[in-house]
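S.K.: The chain contents come next:
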Amino acid sequence: MKNTLLAIVFGLAASSGANAQLLINGAGATFPAPIYQKWFDEYTKIDPTVQFNYQPIGSGGGQKQILAETVDFGASDGPMSDANLAKAPRPIWHIPTVAGAVVISYNLPGDPAIRLDGPTLAAIYLGQVTKWNDPAIAGQNPGVTLPDQDILVVHRSDGSGTSYIFTDYLSHVSPDWKAKVGKGVSVSWPAGLGGKGNAGVAGQVKQSPGAIGYVELAYAHQNKLPFAALKNAAGNYVEASIDSVVAAMATATIPDDFRFSMVNAPGDAAYPISGATWLLVYSEQKDPAKGQKLVQFLKWAYTDGEKLAAALDYAPLPAAVQQRALDRVNSIKY
Amino acid sequence: MPTAQSSLPVLPPMGSRAPDITFKWAAFAAALAILALIALVGFELYHGARLSIAKFGPGFLVSSEWDPVSDRYGALPFIFGTLVSSVLALLLAVPLGVAAALFLTELAPFRIRQPIVTVIEMLASVPSVIFGLWGIFVLVPWLRDHLFVWLKHTLGFLPLFQGPIYGVSMLAGGIIVAIMILPIVTSISREILRSVPGLQREAAYALGATRWEVIRIAVLSYARRGLFGAAVLGLGRALGETMAVTMVIGNRPEISASLFAPGYTLASVIANEFTEATSDLYLNALFELGLVLFAVTILINIAAQMMLRSMGSGGVSKVH
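Note that the protein sequences, when read in sequence, are chains A and B.
Every position in the first sequence, counted from 1, becomes a number in this note's numbering once 12 is added.
Every position in the second sequence, counted from 1, becomes a number in this note's numbering once 10 is added.
Treat the hints with care, since some could be wrong.
Going by beta-carbon spacing under 8 angstroms, a handful of chain B positions derived as facing chain A [claimed, not checked]:
#1 Ala36
#2 Ile146
#3 Asn282
#4 Ala287
Taking lysine to aspartate or glutamate and the DMTMM-like style, the derived pairs with C-alpha atoms no more than 25 angstroms apart in a straight line are [said to hold, decoys possible]:
#5 B:Lys162 with A:Asp123
#6 A:Lys99 with B:Glu54
#7 A:Lys319 with A:Asp339
#8 A:Lys190 with B:Glu264
#9 B:Lys162 with A:Asp339
#10 A:Lys190 with B:Glu75
#11 A:Lys143 with B:Asp155
#12 A:Lys190 with B:Glu201
#13 A:Lys192 with B:Glu264
#14 A:Lys99 with B:Asp81
#15 A:Lys190 with B:Glu54
#16 A:Lys192 with B:Asp290
#17 B:Lys65 with A:Asp94
Bear in mind the hints are in silico, worked out from the structure with no lab data behind them.
A virtual CB, placed ideally from N, CA and C, is assigned to each residue, including glycine.
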């Protein structure tokens, strides 16, 4: 028994030695974890000498671990703050990978399609609009019979990039929200109940007549939740979809350091509540072998990898942004 | 002692105390390791929380504000939520658990005892998150549409049962924790009741007591210290319960007299917000919540020990 075990252990050690696989470690955001996993699986088929280990421990953890250099790359749903970037031993670069949208789901009798604009949504989440038949909602939804029912506001209770995008949007469209609440992965919610994760919010909305809540587009799609069309900056009511998110990113202003917000983007077809997710990498890699493999992988990700995004309900980067990301990858030193 | 006798032949020559001394120090080291571990946890929590402790001081414990955007933190609603949900859970689980244990040791026919015990032990091994999901999809809608409506209708004059009914609430949190601590309370109570000497019961029967009197005088009175201990162990588990509570308590840091209102617990907020916390003060405040939970747990255990002591030794002498 003991001998067999020893043989297995040695066998494993020998085989991994023979392959000489390079292990690249990453940690961070949970939202893009499925697409990253897919990328790693596909990429190891092309280059079997490299292996990836990605731990979806949350954006906060990703930022901490890349700062501590315990991982080779971090991942975050929100850009790092200046204060955190200043702690880095060498410059850390943000490179956007994919984008997602946050949709507004609701529970109304008969599941009517409804339309909302930003200020109304902010007023609902501030607890100022409390009835479904409030003129602010009814005025945008002619022909829809809205019940005289209390609105039950549901938000995420766990810290999340989804909340960050949502509160970032509300801060953009409502000065009142910006002053009273602000944006963040967790905020001090003026109204409503907290549900844990997309499932917690969706569960709450499904269970409670009159509820409204925000969830990721991918989650809403996969679970067939109804969601509202939102009025964008150009004045059009737009449904969330991969195309309308790509349209938003194509028209958003993206600075050179890629720390951008794409909420309320100006495009005609842009869906207003969307956001990117980023990889965090050091501009100068410590380990030349790992650095080279990481850059090769990223080059593949920004060319072939992006094509896999839509199938998993993520919006790929628009062509121009893809090119900019690729240029940034090419200038990583190792 | 037969065991001591059977091991006599292998004892070292008389006079050698080496095994005794080794054993004594090994046991001492083991005991010390536990103390050291607790001290280390306390220190690490304190160390992780020092920014927040320096910034907010004791005000942290009495402030109701929790605003990660403007970096202002206070623990009061979470302390309140933890205590209220745990006490609710105890109020529900202890009478039920002790009653179930009594049934199993005193009343139930022998052939159904073991199956029931097995089922109770199975309940103890269901993961927390399963209870949470069941809570969201089954328990909470039922509470919202039936029990809570009934409570509001019949006991609505009490501030405890007023206000809007959302389903997710402090009471739902208490009920789910009660279900989760029920197996441990029942199992331990059952062991305690089984350890009551048969002589106690026989003596009471001999005096002409009815079955209920036997249970009350000879069994419960004899076992009450142990039963109290079972409740304390249940409370320990209730204070730290995280996942299931998070899913049904509503997660609103608010102090409300109504049990229908949502609440928030210390363990829940840490689990919810720790992964995405990026600013230093925010992380420190979450660590301080951990420290508070640690302190609350220790204080409650000390209080329980003191109450146990004041209850006296129990046993035969206390039967009146």
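S.K.: Each hint: holds or not?
M.R.: Now for the hints, and whether the structure bears them out:
With a cut of 8 angstroms, the hint placing B:Ala36 at the interface with chain A is violated, because the nearest CB-to-CB distance is about 28 angstroms. About 5 angstroms separates the beta-carbon of B:Ile146 from the nearest beta-carbon of chain A, less than 8 angstroms, and the hint is met. Against a cut-off of 8 angstroms between C-beta atoms, the interface hint on B:Asn282 holds, since the closest Cβ of chain A lies about 4 angstroms away. Proximity of B:Ala287 to chain A holds as hinted, the smallest CB-CB distance being about 5 angstroms (cut-off 8 angstroms).
The straight-line distance between the Cα atoms of B:Lys162 and A:Asp123 is roughly 30 angstroms, outside the 25 angstroms bound, and the hint therefore fails. A distance of roughly 22 angstroms separates the Cα atoms of A:Lys99 and B:Glu54; the hinted pair therefore holds under the 25 angstroms criterion. Distance hint between A:Lys319 and A:Asp339 is fulfilled; the C-alpha atoms sit about 18 angstroms from each other, no more than 25 angstroms. Restraint check for A:Lys190 and B:Glu264: the C-alpha separation of about 22 angstroms stays at or below 25 angstroms, so the hint holds.
Pair hint B:Lys162 plus A:Asp339 does not hold up; C-alpha atoms about 64 angstroms apart against a cutoff of 25 angstroms. Our distance criterion of 25 angstroms between C-alpha atoms is met by A:Lys190 and B:Glu75, whose separation comes to about 18 angstroms. Proximity of A:Lys143 to B:Asp155 is assessed by CA-CA distance (about 21 angstroms); at most 25 angstroms being required, the pair is judged to hold. Distance check on the hinted pair: A:Lys190 and B:Glu201 sit about 58 angstroms apart at the alpha-carbon level, beyond 25 angstroms; violated.
For the proposed pair A:Lys192 and B:Glu264, the alpha carbon gap of about 17 angstroms is at most 25 angstroms, so the pair holds. Distance restraint check for A:Lys99 and B:Asp81: the Cα-Cα separation of roughly 19 angstroms lies within the 25 angstroms cut-off, and the hinted pair is therefore satisfied. A distance of roughly 36 angstroms separates the Cα atoms of A:Lys190 and B:Glu54; the hinted pair therefore is violated under the 25 angstroms criterion. Restraint check for A:Lys192 and B:Asp290: satisfied, since their Cα atoms lie roughly 22 angstroms apart, inside the 25 angstroms limit.
The suggested pairing of B:Lys65 with A:Asp94 holds, with an alpha-carbon distance near 21 angstroms, which does not exceed 25 angstroms.
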